[in-house]
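**Student:** What follows is each chain in one-letter form.
There are 2 protein chains.
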Amino acid sequence: MKKQKPLILVTNDDGITAPGIVALVEVMKTLGEVVVVAPDKPQSGMGHAITINSTLRLHRTKTHGIAEEYSCSGTPVDCVKFAINKVLKRKPDLCVSGINHGSNMSINVIYSGTMSAAVEGAIEGIPSIGFSLCDFSIDADFVPAKKIIKTIVENVLKNSLPKDVCLNVNIPKLKYNEIAGIKICRQARASWVEELDERHDPSGRAYYWLTGKFENFEKGKKDTDVWAVENNFVSVVPVQFDLTAHKAIKEIQNDWKL
Amino acid sequence: MKKQKPLILVTNDDGITAPGIVALVEVMKTLGEVVVVAPDKPQSGMGHAITINSTLRLHRTKTHGIAEEYSCSGTPVDCVKFAINKVLKRKPDLCVSGINHGSNMSINVIYSGTMSAAVEGAIEGIPSIGFSLCDFSIDADFVPAKKIIKTIVENVLKNSLPKDVCLNVNIPKLKYNEIAGIKICRQARASWVEELDERHDPSGRAYYWLTGKFENFEKGKKDTDVWAVENNFVSVVPVQFDLTAHKAIKEIQNDWKL
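Chains A and B, in that order, give the protein sequences.
The first sequence maps to residues 1 to 258 in our numbering.
The second sequence maps to residues 1001 to 1258 in our numbering.
It should be emphasised that the hints constitute simulated quantities derived from the structure, not laboratory data.
C-beta atoms are modelled at their ideal positions from N, C-alpha and C, and glycine is treated no differently.
Hints are not guaranteed to be accurate.
As the list claims (entries may be wrong) - Below, in silico cross-link-like pairs of lysine to any residue (SDA-like), each with a Cα-Cα straight-line distance of 25 Å or less:
(1) K1163(B) to W256(A)
(2) K1173(B) to I249(A)
(3) K213(A) to V1087(B)
(4) K222(A) to K1005(B)
(5) K41(A) to K1005(B)
(6) K3(A) to G32(A)
(7) K1219(B) to D164(A)
(8) K1005(B) to L1031(B)
(9) K41(A) to A18(A)
(10) K1086(B) to K1173(B)
(11) K213(A) to K1086(B)
(12) K5(A) to S71(A)
(13) K91(A) to R57(A)
(14) K219(A) to K158(A)
(15) K158(A) to D1255(B)
What the hints assert, rightly or not - Covered by chain B, per the in silico footprint, the following chain A stretches (three or more residues, Cβ under 8 Å):
(16) 18–29
(17) 80–89
Bound-form chain A, shown alone (with noise of 0.2 Å):
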């Protein structure tokens, strides 16, 4: 009997006509069967949200002609559930996200829509995966980050990912010879310092951009995902979505003497 190929959902947060999406596909198409449903516009940021006070629309496109494209007009999560709950005809093997353009590396796994997408997808029970490059550039060069991506999704088709887990891909900007390897890493301890840009309308009423600096409180902790991509490693870091401080339970119980 063949053995049926992979079934690959791609999404990403950068909206489907992003160029990081073909290439995700393009490596995709080689190892399975590929459907992509992803957002309609850029939704970088958007983290975990889902559209629930508002409508949805879902249009087959064939933006790319390179597989069974939708087009979604919500969140990355909700291109997520719209791939599981109308458009796949099984659960898929496989959740892919990305490729982002720019990096999603430690704090910013919670605010990133490509994470939460594969977030989602691991809530699902599907083995998922979100890849970022460390590159912003519209003319990004994928090829190092394609071959590296093979690699891992080929390791999580062999072996799975453990229960409840999906994986935050971070890739350096580099040749694919000037990459280090790939390191199994944990999210950095860091956050944004916040600027609000202050601007004024043509009526002179404030309005603002969110804008900040990133910063790492961890640096120098080789076991991060931000050492691992400032020493040019690829970074994995596990993430799941069980938010239970655990240990914090007792500490607590302790404390409040209810």
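Start from chain A and add chain B according to the hints.
**Tutor:** Frame of chain A; chain B shown alone:
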């Protein structure tokens, strides 16, 4: 020397006009100096979304006339960023979010704007709590919730919280004397069985509403938030923003033979 009153930031995801935020402000005013920065419209299900592709507005308002109040055009997380970086004179001693109209138990922590605001507070090093009342009604009775919230906030102001941890508090829809107690617990493993409710617009084209049924995979597990609330307890789950699945790091290292 007179001790400074705690500075308390109040936000929510139902928007500044919601009755739940008024109830929360009323309790907080008995405990400290209150500043409200809340969305100018409902932002349920926005998760940890931030606004980076469009501009933001912030307006001083007198919606309720009971505190220093600002409305923000962004998400709950944007509101916390505005409060810290633009509105407040100093870092607040506490950030509270809610009272949400409806539950945020289990996996809903990840979709909830209410909880994401609290998580953002925690990322900023502020003791933070999200409160939800398991009653969607605009006429919900917040009186029992207010007593519970006062007890919990007094505990947090006295003992603070473990580092990098905020609280997800869900309050059952009960009279005060029917509440069995406050239970520190963990997030139940659950997910949504989604349906995409397909309808047709006047031109005959399909559109969809995201809807679904909550499915708890850990029925009867007494250490979970869902069990607690179903058994008349207030559930308190300590929540962390380190999403690393630490136990999975070794497992993947072994599997992949990198």
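**Student:** Hint by hint, say whether it matches the structure.
**Tutor:** Here is how each hint holds up against the structure:
With a CA separation close to 16 Å, the supplied pair K1163(B) and W256(A) stays within the 25 Å bound. For the hint linking K1173(B) to I249(A), the alpha-carbon distance of about 24 Å falls within 25 Å, and the restraint holds. Taking the CA atoms of K213(A) and V1087(B), the gap is near 19 Å; set against the 25 Å cutoff, the hint holds. Distance hint between K222(A) and K1005(B) is unfulfilled; the C-alpha atoms sit about 42 Å from each other, more than 25 Å.
Among the hinted pairs, K41(A) with K1005(B) is inconsistent with the structure: their alpha-carbon atoms are about 46 Å apart, more than 25 Å. For the hint pairing K3(A) with G32(A), the CA-to-CA distance comes to about 11 Å; that is within 25 Å, so the pair holds. A C-alpha spacing of about 18 Å is found between K1219(B) and D164(A), which places the hinted pair at or below 25 Å, so the restraint holds. For the suggested pair K1005(B) and L1031(B), the alpha carbons sit about 8 Å apart, so the restraint of at most 25 Å is met.
Restraint check for K41(A) and A18(A): satisfied, since their Cα atoms lie roughly 9 Å apart, inside the 25 Å limit. For the given pair, K1086(B) sits about 36 Å from K1173(B) by alpha-carbon distance, which is inconsistent with the 25 Å threshold. Between K213(A) and K1086(B) the CA atoms are separated by roughly 16 Å; this keeps the pair inside 25 Å, and the hint holds. At most 25 Å may separate the alpha-carbon atoms for a hinted pair to count; K5(A) and S71(A) meet this at roughly 24 Å.
As the CA atoms of K91(A) and R57(A) are separated by approximately 21 Å, the hinted pair is consistent with the 25 Å bound. A distance of roughly 34 Å separates the Cα atoms of K219(A) and K158(A); the hinted pair therefore is violated under the 25 Å criterion. Distance hint between K158(A) and D1255(B) is fulfilled; the C-alpha atoms sit about 9 Å from each other, no more than 25 Å. Counting residues of the region 18–29 of chain A whose beta carbon lies closer than 8 Å to any beta carbon of chain B gives 0, which falls below the threshold of three, so the coverage claim is violated.
Counting residues of the region 80–89 of chain A whose C-beta lies closer than 8 Å to any C-beta of chain B gives 5; at least three are required, and the coverage claim holds.
Violation of the numbered hints given earlier is confined to hints 4, 5, 10, 14 and 16; the remaining hints are satisfied by the structure.
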